[in-house]
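Trainee: Modelling step: build the complete structure from the supplied sequences, incorporating the hints.
Heads up: the sequence lines are chains A and B, in that order. Just so it is clear: in the first sequence, position 36 is 57 by our numbering, and no numbers are missing. Just so it is clear: in the second sequence, position 156 is 201 by our numbering, and no numbers are missing.
None of these hints come from the bench; they were simulated from the model. This one's a predicted model, so the numbers in the text were calculated from it and none came from an experiment. We put the CB at the ideal spot given by N, CA and C, even for glycine. Hints should not be assumed to be uniformly reliable.
Under 7 Å between C-beta atoms, here's a sample of chain A residues computed to sit facing chain B [unchecked claim]:
id : residue
1  : R54
2  : P56
3  : Q67
4  : H91
5  : I114
6  : Y130
7  : V217
8  : F230
9  : L232
10 : R251
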Amino acid sequence: MTDTLDEIVLPDDPDFGGEVQVDYPGYRSTRWRAPSRPLVSLPEDQHDLRGPVFGEDAIGEHDGDLTRQHAGEPLGERITVTGRVLDTDGRPIRGALVEIWQANAAGRYKHDVDQHPAPLDPNFSGAGRCLTDDEGRYRFVTIKPGAYPWRNHDNAWRPSHIHFSLFGRQFTERLVTQMYFPGDPLFPFDPIFNSVRDPKARALLVAQFDLATTKPEWSLGYQWDIVLGRNGFGHNTTPLEENA
Amino acid sequence: MRAPTPSQTVGPYYAIGLCRRPENELVPRDAPGALTLAGTLFDGAGEPIVDGVIEVWDAVGGRWGRCGTDGQGRFSFRLAKPDAGPHGAPRLDVYVFARGLLKHQHTRIYFPDEAEANAADPVLAQLSEDDRATLVADDEDGALRFDIRMQGERATVFFAP
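Mentor: Pasting the structure below:
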């Protein structure tokens, strides 16, 4: 366990092993928060639990365009982020509620707890929501969030990311995750990104730059598909040792 | 078969996206049979988790709600006891999200006035008495109390995905 801020646990420490870790030592806050006991299995017939359904009334006029929620335009690099929400068979999930939140271009969240001395942007709240269309597609216009420091370890910075929350057809498909941008130099140093141990699975968190989504003279475009399934990563397979 | 997108923590700033408006009333405040359910989310050191989100889902009634924890780790809902489903005693399914939790965790709330149905419930039946107690809300003067403990001796039972 890491007890001091200046002692980062490197993501490729072979001691970690495994792919699914909610008790990931590099991310210090997991220590007291990840369940310490093995998870209990439910009978197979109790997994299929239909989920809440959200309608158009859940969506406000500018919820899909984070650059138009205030009187003026936010500062930063304008981007479109779009992709499809699919089940594990590759079928589109229609009408899925997608909610996002993010830092502004300077790496500052509009949240009382965020004390990073970077400017707030009066024209940026950083929240969006939409429902997927008949092809399972979501779409947001926003600005690229900045990287920001956090106190997990000495000189710790989060790579640019957008938080995503999704409801699938079943409650068991519920997913909260983060989307990253391709080629970010902070990837090797971020324990949250690296808590997904399998590099192939980790790559699923990274959007792709897409010229076809890029609007000439206006904004860059990124594509990021999201697959919802019951067997999400991150369940606890080995109990934490007490007082480890 | 496509691999599911991995989970990542909800982080400390989820309220920007997930708590834009109150969503903790599953039924109207004054609906017949409406109950208040409140509790505190605790970490393994016994400290309240002040940056967690609790989602509750009544799959039988199709009612959903969520509540971010406050500065004391507390959450509360206005809800009605669900009807019994095909699989056992009346219950709510609960998801816990928090900073420091890389994947949300699944637990259940059962009701204290359903002793007979709870005794026959196949999921409760596989648990020890102490573990079972972590899933049954307490009746405190007509309001329900349900604390959630991520770790420790009285840790709440969480279910595998």
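Trainee: Taking the closest Cβ pair, is Q67/A under 7 Å from chain B?
Mentor: holds, 5 Å
Trainee: Classify the hint on R54/A as holds or violated, based on whether any CB of chain B lies nearer than 7 Å to its CB.
Mentor: Check passed: Cβ of R54/A comes within 4 Å of chain B, closer than 7 Å.
Trainee: Take the shortest C-beta to C-beta distance between Y130/A and chain B; is it under 7 Å?
Mentor: holds, 4 Å
Trainee: Let me know if the C-beta of P56/A comes in closer than 7 Å to any C-beta of chain B, holds or violated.
Mentor: holds, 5 Å
Trainee: Identify whether the interface hint at H91/A stands, where standing means a beta carbon of chain B within less than 7 Å of its own.
Mentor: violated, 14 Å
Trainee: Per the CB criterion, is F230/A less than 7 Å away from chain B?
Mentor: This interface hint is violated because 18 Å lies over the 7 Å limit.
Trainee: Can you verify the interface hint for R251/A: is its Cβ closer than 7 Å to any Cβ in chain B?
Mentor: Holds, about 6 Å.
Trainee: Is the shortest C-beta separation between V217/A and chain B less than 7 Å?
Mentor: holds, 4 Å
Trainee: So, I114/A near chain B? Judge it on the closest CB pair being under 7 Å.
Mentor: Since chain B brings no Cβ nearer than about 12 Å to I114/A, farther than 7 Å, the hint is violated.
Trainee: Quick one, is the L232/A hint okay against chain B at 7 Å, beta carbons?
Mentor: Where the cut-off is 7 Å and the nearest Cβ of chain B is about 23 Å from L232/A, the hint is violated.
Of the hints listed earlier, those the structure fails to meet are numbers 4, 5, 8, 9, in rising order.
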